[in-house]
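Take the given structure of chain C and dock chain X to it, following the hints.
In the order they appear, the protein sequences are chains C and X. Just so you know, the numbering used here puts 246 at position 246 of the first sequence, and the rest follows in order with no gaps. Just so you know, the numbering used here puts 517 at position 94 of the second sequence, and the rest follows in order with no gaps.
No wet-lab data here; the hints were simulated from the structure. We treat Cβ as the ideally placed atom computed from N, Cα and C, and that holds for glycine. Fair warning: there could be bad hints in the mix.
Short, incomplete list of chain X residues facing chain C, as computed with Cβ under 8 Å [stated by the list, open to error]: (1) 460; (2) 470; (3) 720; (4) 726; (5) 740; (6) 841.
Here are the simulated lysine-lysine pairs, DSBU-like style, with alpha carbons at most 30 Å apart [said to hold, decoys possible]: (7) X/798 - C/119; (8) C/53 - X/651; (9) C/251 - C/418; (10) C/228 - C/175.
Here is how the chains run, residue by residue.
Protein chains: 2
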Amino acid sequence: MMGAAREVTAECLCIGDELLIGQTINTNAAWMGQELGLSGIRTILTRVVGDDKEVILEALRTARADIVLITGGIGPTKDDITKRTLCAFFGTRLVRDAAAEARVVSLFTRMGRRADEVKEADLAQAFLPEGCLALPNELGTASGMWFERDGRVYVSMPGVPYEMQGIMRGSVLPKLREMFKPPTIVHKTINTAGMGETQLAEHLEAWENGLAREGIRLAYLPSPALVKLRLSTYAGADRAEAVERVERQVKFLHGLIPELIYGEGEQVLEEVIGTRLRELGQTLALAESCTGGYLSHLITSVPGSSAYYIGGVVSYANAVKMEELGIPSDMLELNGAVSGPVAERMAEGVRKALRSDWAVATTGVAGPDGGTAEKPVGTVWIAVAGPNGVTSSKGVFLGTRDLVIRRSAIAAMNMLRKQLPKP
Amino acid sequence: MMGAAREVTAECLCIGDELLIGQTINTNAAWMGQELGLSGIRTILTRVVGDDKEVILEALRTARADIVLITGGIGPTKDDITKRTLCAFFGTRLVRDAAAEARVVSLFTRMGRRADEVKEADLAQAFLPEGCLALPNELGTASGMWFERDGRVYVSMPGVPYEMQGIMRGSVLPKLREMFKPPTIVHKTINTAGMGETQLAEHLEAWENGLAREGIRLAYLPSPALVKLRLSTYAGADRAEAVERVERQVKFLHGLIPELIYGEGEQVLEEVIGTRLRELGQTLALAESCTGGYLSHLITSVPGSSAYYIGGVVSYANAVKMEELGIPSDMLELNGAVSGPVAERMAEGVRKALRSDWAVATTGVAGPDGGTAEKPVGTVWIAVAGPNGVTSSKGVFLGTRDLVIRRSAIAAMNMLRKQLPKP
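Okay, chain C solo, but in the shape it has when bound:
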């Protein structure tokens, strides 16, 4: 099953003094390695070099993989070192690319500038090495560049992560798959919330041990408060068989941890909740204390969320809790702001004030200060109010202030998800 087709290899050449001096962490290499792997292409080397023509040339000359992905060193402040070096390497020169120029002008027009205001430095982005194929960049002025020589592909992209990712997804990965036909890898990622990686691994141990016999590998991909499980297998000529083999195990996994699974692949909790609310034709409001707006930010990060998200209140001062959310002052005194009764009243209060079907509230100690013996840093109460009443639940989340906020917001969304009626 494995290694039937010829292996296709790639190397990454990341250009930028800022990477070498550690001002920027090289997330591009990790992202490219992951995406290449999912396309069945193996990354064998990553090199990071400075903005230095000779060093870049040397790296290009000694490349051995089928595919050389180059990031960075494009743009006016970089003095376009990559473009000039590519010209030297391929023995060509910079020429004006009309399509690239049109994209630069249109980008600036969208920003409200007149075409004749586009500056020379920006128009320089439309000059590309002769003979390269320009790859459109929807999110910036620097185009991607595709070269071929002696059966090897060289692709140059800007170093800005989202611009690089857009060009990779839009042009580079589809073209590479078409050209090299790497072995097909079938994979599926199942997303879970509500159990830590170690405990989950213990819980799934017996099942995991049986996967090897099915030719399936399992990877745990943890992030704060979430664990993704990726199942992957090589597909031979019969892709449908491999898909079916993976799906059988996914179905089995759903039986093992039905409550923990919230989605698949790139799906995030805020999207899953949004889709469900949209299907139900119901609305959501939020009352945040310790999450300080982060929960609202996650909900509104989903395009179209205004269809079901009415709005929220960030009640940082107790006065806001009392006035905007109708929390009685004796309740705050008796229980403290970080308590189940207050969380429940916050949820009920915002649900009533904004007339939503559902409401979620958070109140806790995000830290680093403010913890007590009884309510240490990381103590968070979450409440969900809905058509059938209100419930609350306490969590104690570990880590820095930022992590407590992130874990609380995810736990709050997961609590709402479990209460929303199933399809």
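Just chain X now, kept in the frame of chain C:
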């Protein structure tokens, strides 16, 4: 002034399949690059390779820097690939190192295990290439290894970040400074908001050209809506002179772009605003539409922000704008929700409702849908209300929904910063 002392160079060789497939982001290279730079050593290359003897050997053979820092590929689960490869490269063999063994045993004792329980796999960590200098690892069982050949230093360390960092700080950096006596580098980073990289570079061109005469290099470090400017210079024997030389240019820069500079080094806008509000003894409230809670999240990401941040309203539905913030419905109809008058009323409304000294409001089209010819995606109105009244300003921000939200929030904080009374 520059290059007076001989430049000392380093390269990093990071070993691990998990880095190449993108399961782990290479934070080690960034950390080492930063620490080396602060010690006056220039990193000229980083290579990431898999757990493969031939590939590692090739990288060792082609190393050109004075210092080769190797991380990863040590330990039982890695089959000690790095150690075996180093033996092959230096033509030596593994021998038991008594001091290293004592450290392994003592580490296990501290973890509560008896000395006779230490496993064979763990004791294998005490076998090191003959002739290397073992560098103590206080936080793990794998020792660091120091080799010298032909005036070049090779150091191998475990890939676990905190173990590597402990060995670097405890042994490697002091030994390198003693051996190579690199020049001291003085640097300072100035943080700006409110002007894009290209425009800023044009604005500062004449000044930048003059920096070379002062022996100072300038680097532009852009991120969405922000540009950091790093000035750096080599210091000779007289460190104070170099500090003074950089400070003189920093002062000049303040004169050139007084409005754009909000801080230095690691300072962020939300911190700068928070410090200023705290000094003034004044408070802040927020009314967010298009930023959807992200602005509130940034403000509350600062520890202790409850001292000046009262709270906010996320008014996603127009009903919330009307009811919670007192926006007249005819104003919404006449101007549309994305307009200067509505932004100003939102800011005034939340300032009044939460009785704060200052208030910031955002309303815009974050996209990807909802844009019109008149108000395209990215159009955002920001208003700041304070003791002296309310003002508003329009921006058109480029990029994905996430970027429009981020850029809007930063522009909003920058607008508030400029209106807060100076110290």
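Outcome of the hint check:
1. Taking 8 Å as the C-beta cut-off, the interface hint given for residue 460 of chain X holds, the closest approach to chain C being about 5 Å.
2. With its C-beta approaching chain C no nearer than about 6 Å, residue 470 of chain X sits inside the 8 Å limit, and its interface hint holds.
3. Contact between residue 720 of chain X and chain C, as hinted, is supported at the beta carbon level, the nearest pair being about 4 Å apart and thus within 8 Å.
4. Of the supplied interface hints, the one on residue 726 of chain X holds, with its beta-carbon coming within about 5 Å of a beta-carbon of chain C, less than 8 Å.
5. With 8 Å as the threshold, the beta carbon of residue 740 of chain X comes within range of chain C, its nearest partner Cβ sitting at about 4 Å, so the hint holds.
6. This hint is violated: residue 841 of chain X has a C-beta 21 Å from the nearest C-beta of chain C, more than the 8 Å allowed.
7. For the suggested pair residue 798 of chain X and residue 119 of chain C, the alpha carbons sit about 24 Å apart, so the restraint of at most 30 Å is met.
8. The hinted pair formed by residue 53 of chain C and residue 651 of chain X meets the criterion: a straight-line CA distance of about 25 Å does not exceed 30 Å.
9. A threshold of 30 Å between alpha carbons decides the hint, and for residue 251 of chain C with residue 418 of chain C the separation of about 19 Å falls inside it, so the pair holds.
10. Proximity of residue 228 of chain C to residue 175 of chain C is assessed by CA-CA distance (about 28 Å); at most 30 Å being required, the pair is judged to hold.
Of the hints listed earlier, the one the structure fails to meet is number 6.
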